[in-house]
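Working from the sequences, and respecting the hints, build out all of it.
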Amino acid sequence: MEKLIGQYHQYPNTWDEMFDASGGVRSLYQEFSSFLNNIEFENLNQMKDFSNQFFRNQGVTFTVYNDNKGVERIFPFDVIPRIIGIKEWTFIEKGIVQRIKTLNLFLRDIYHEQFIIKDKIIPPQLVINNRYFIREMINLSVPKNVYTHISGVDLIRDKSGDFHVLEDNLRTPSGVSYMLENREITRRLYPNLMPKHKVLAVDNYPQMLYKQLKTLVDKSDPEIVLLTPGLYNSAYYEHTTLARLMGVELVEGSDLVLDNHEVFMKTASGLRKIDIIYRRIDDDFLDPLSFNSQSVLGLAGIMESFRQGKVCIVNAPGTGIADDKAIYAYVPKMIQYYLNQEPILKNIQTYQMDHPDQKEYVVNNIEKMVIKKTDGSGGYGMLMGNNVSEKEIDDYLHQLNKNPKNYIAQPILNLSTAPCILDNELVPRCVDLRPFAISGANKIEVCPGGLTRVAMRKGSLVVNSSQGGGSKDTWIINKSEDA
Amino acid sequence: MLSRVANNLFWMDRYMERSYGLLNLIKTTYNATLDSGDYSDWSRILTTYLGKTPEIEFRNHQDTISTILYIIFDDTNSNSVLNMITKARENARSVQEHISRELWLSVNKYYLHLSQDNISAKYKKEDPISIVNELLQYNHIYYSVADISQERGNAYCFMNLGKYLERVVQSIDFLDVRIINLDQNNENLYESYFFKNLLISIGGYQLYLKTFKSIFSIENIIEMIAINEKFPRSIIYSVNKLNIHTQRLNNFNQINDNKLIFLLGKLSSTLKYTTIESIKIKGLENFLKEINVDLNKISISIDETYFNQKY
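These protein sequence lines map, in sequence, to chains A and C.
Per the numbering used here, the first sequence starts with residue 69, numbered consecutively.
Per the numbering used here, the second sequence starts with residue 102, numbered consecutively.
Treat the hints with care, as some may be off.
Stated by the list, open to error - Reference excerpt, derived from the structure (chain A facing chain C, CB under 7 Å, subset only): (1) Leu-299; (2) Ser-302; (3) Ala-311; (4) Asp-323; (5) Ser-337.
What the hints assert, rightly or not - Some chain C residues well away from chain A (every beta-carbon gap over 12 Å; in silico): (6) Tyr-224; (7) Leu-237; (8) Gln-251; (9) Gly-384.
Derived from the structure by calculation, the hints contain no laboratory data.
We treat Cβ as the ideally placed atom computed from N, Cα and C, and that holds for glycine.
Here's what the structure looks like:
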């Protein structure tokens with residue numbers, strides 16, 4: 069195995085989570101590297117097979133549709149954990165809390181007084197013309213003033229080791245069930261190492277979520293449900309897991325009815341009133357009367373119930389504007405504006421493509437840039453300037469020029485890498501980190517760790533699961549680098 | 102509990118019970134062909150259970166093997182074992198927060214076993230009884246896991262409604278199709294293995310021997326399958342179970358409408374005071390017809406009370 073570590077070739081100009089620039093093992097990974105030194109490669113492959121089998125038996129799968137036939141796949145999992153020290157984690161945690169607090173204030177502001185626009189911090193057209201800005205939400209007070217109950221903030225580490233926020237996901241971010249299952253399996257894979265490292269627990273996430281949701285209504289035992297689009301949704305596994313672990317009903321739109329603007333579910337013992345709906349369907353499909361009239365996933369009239377305060381919808385409709393890629397560039401200014409604080413976590417420099425000077429700079433430096441559609445997600449609709457042909461660039465810019473305000477650009481950052489077991493080798497692969505934060509009436513909690521997503525292809529920077537990305541368990545350990 | 106969830110639990114067990122019945126039938130039919138060399142039963146099974154009119158006449162052992170593989174693995178026939186287990190598992194997947202983790206794992210493993218790539222090719226060369234036994238083992242595990250791990254609440258009762266409704270339908274079919282249609286001129290009828298295989302297919306051979314020793318008569322078989330309270334696949338046994346579970350459900354859900362309780366109580370009492378003599382006077386066909394009418398009413402009433410209430 070020592071040979072394997074010796075053969076580990078780091079990416080150039082890239083931070084590696086386990087090794088420093090000279091190839092030495094970082095102190096956080098000391099014990100883990102002695103574990104690697106004492107294990108046969110064969111065993112690592114067995115661990116890999118074991119985890120695949122585990123996921124399959126548990127039904128931890130997502131469905132891919134091909135020729136009208138659903139094929140269930142398991143989300144690729146790498147057995148080597150990603151380790152982060154407590155000091156760094158505390159920093160990240162503070163940064164996320166600061167950010168979520170700000171974004172929540174921003175949402176409250178733009179749907180009410182719009183001070184931030186009047187004070188010229190954010191250009192009005194960016195808000196008013198934004199497709200995620202929902203007019204139905206204007207002047208509507210949401211329970212306990214919380215809009216973004218559940219968020220997943222994507223972080224990446226640059227070549228000097230600093231964390232940057234890549235995206236704030238405020239529209240029902242997924243992946244938390246993989247965080248839980250990854251931990252389930254690593255407990256089994258590392259029966260010695262796990263307890264020794266005193267890894268901070270993640271398995272109380274469902275309880276944490278339930279408790280925070282409860283604070284949204286003034287009722288000792290509110291009826292909370294999780295609304296899923298149904299069995300055929302690719303994240304259905306996550307919906308069942310969360311419902312099961314929180315002990316709440318998993319409902320579909322067809323289980324719900326309205327009576328006098330109260331929301332009820334149809335049960336074997338009659339109708340039962342619902343107080344809080346954690347919905348895992350997008351705004352567009354929530355209410356055919358207010359949004360997409362073709363939708364059968366939600367419930368007609370539910371927005372009116374929400375307006376009348378008869379039911380609490382989590383996350384609140386209209387939160388999408390706060391994680392929009394164009395708004396993202398203004399988050400550091402928002403933090404200063406609303407909290408009068410310096411941003412803890414850095415943003416990535418973002419260029420607005422409808423701004424002539426900024427666009428010119430991007431086009432001149434295209435090989436160092438990634439251009440994204442502001443309404444794109446899942447790694448779709450973006451152009452990585454470093455490995456595309458001139459024609460592809462021209463075609464993309466041609467599309468972009470039709471509607472430049474729908475595009476932003478960012479410098480390509482070298483995501484940090486972590487060692488993975490692939491094809492009988494220990495190889496570096498790019499990773500990001502998505503910690504999950506929950507806001508209740510009184511506080512914001514961040515689950516220690518989160519989901520480390522891995523770009524499984526060599527050299528790739530795309531970690532999205534829809535594009536072949538995988539994941540690792542994330543250990544927050546009570547030790548700090550060089551401590 | 103959500104009505105949709107209750108309905109899915111009901112169907113989860115119904116499909117499991119149905120697959121169990123079908124697998125047992127495959128096993129005994131295969132066994133019977135070993136004794137008699139008569140392969141014609143396969144054609145009846147395909148028509149009755151899989152809704153498929155066979156194109157060929159079944160003549161030899163090879164036909165038997167390909168038929169068995171068809172019944173188990175054909176993914177285009179919605180009544181194949183594979184598709185039934187897929188549906189049972191689909192139902193289980195949608196009610197995971199109401200069934201024990203162990204029960205979910207047992208259904209999922211069954212499904213994963215059946216849906217492996219090339220499994221039917223692998224099975225082609227194996228002894229059919231071993232194949233079926235391997236699958237039946239999954240059904241047995243499912244029942245035991247449900248028994249030891251499932252909380253005795255709404256979910257358990259809805260599962261049992263599905264299970265016993267399916268089972269009583271199978272028992273009635275057995276009497277209706279296999280006993281009433283019995284060809285009195287069939288020469289096999291006088292061979293000892295005929296009744297043995299018939300009884301094994303409904304799982305009652307041992308109990309029959311204990312009760313009636315080795316004297317085989319159609320009357321005794323009817324009595325055992327219709328009204329023997331100790332026989333877990335008799336009509337009366339399943340009806341009594343349905344009765345118990347609906348009473349529990351009525352309590353759990355505080356249902357004021359007693360229609361379902363009434364229907365089941367009535368059927369249960371009728372069966373209690375039925376003897377083989379009274380069945381003979383009425384005629385087996387009429388006796389079964391009356392039970393079928395009652396079961397239809399019960400089934401509609403379950404649907405109206407729990408799954409599709411009107412508001």
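Comparing the hints with the structure gives:
no., hint, result
1, Leu-299, "holds (6 Å)"
2, Ser-302, "violated (14 Å)"
3, Ala-311, "holds (5 Å)"
4, Asp-323, "holds (5 Å)"
5, Ser-337, "holds (3 Å)"
6, Tyr-224, "holds (21 Å)"
7, Leu-237, "holds (20 Å)"
8, Gln-251, "holds (14 Å)"
9, Gly-384, "holds (39 Å)"
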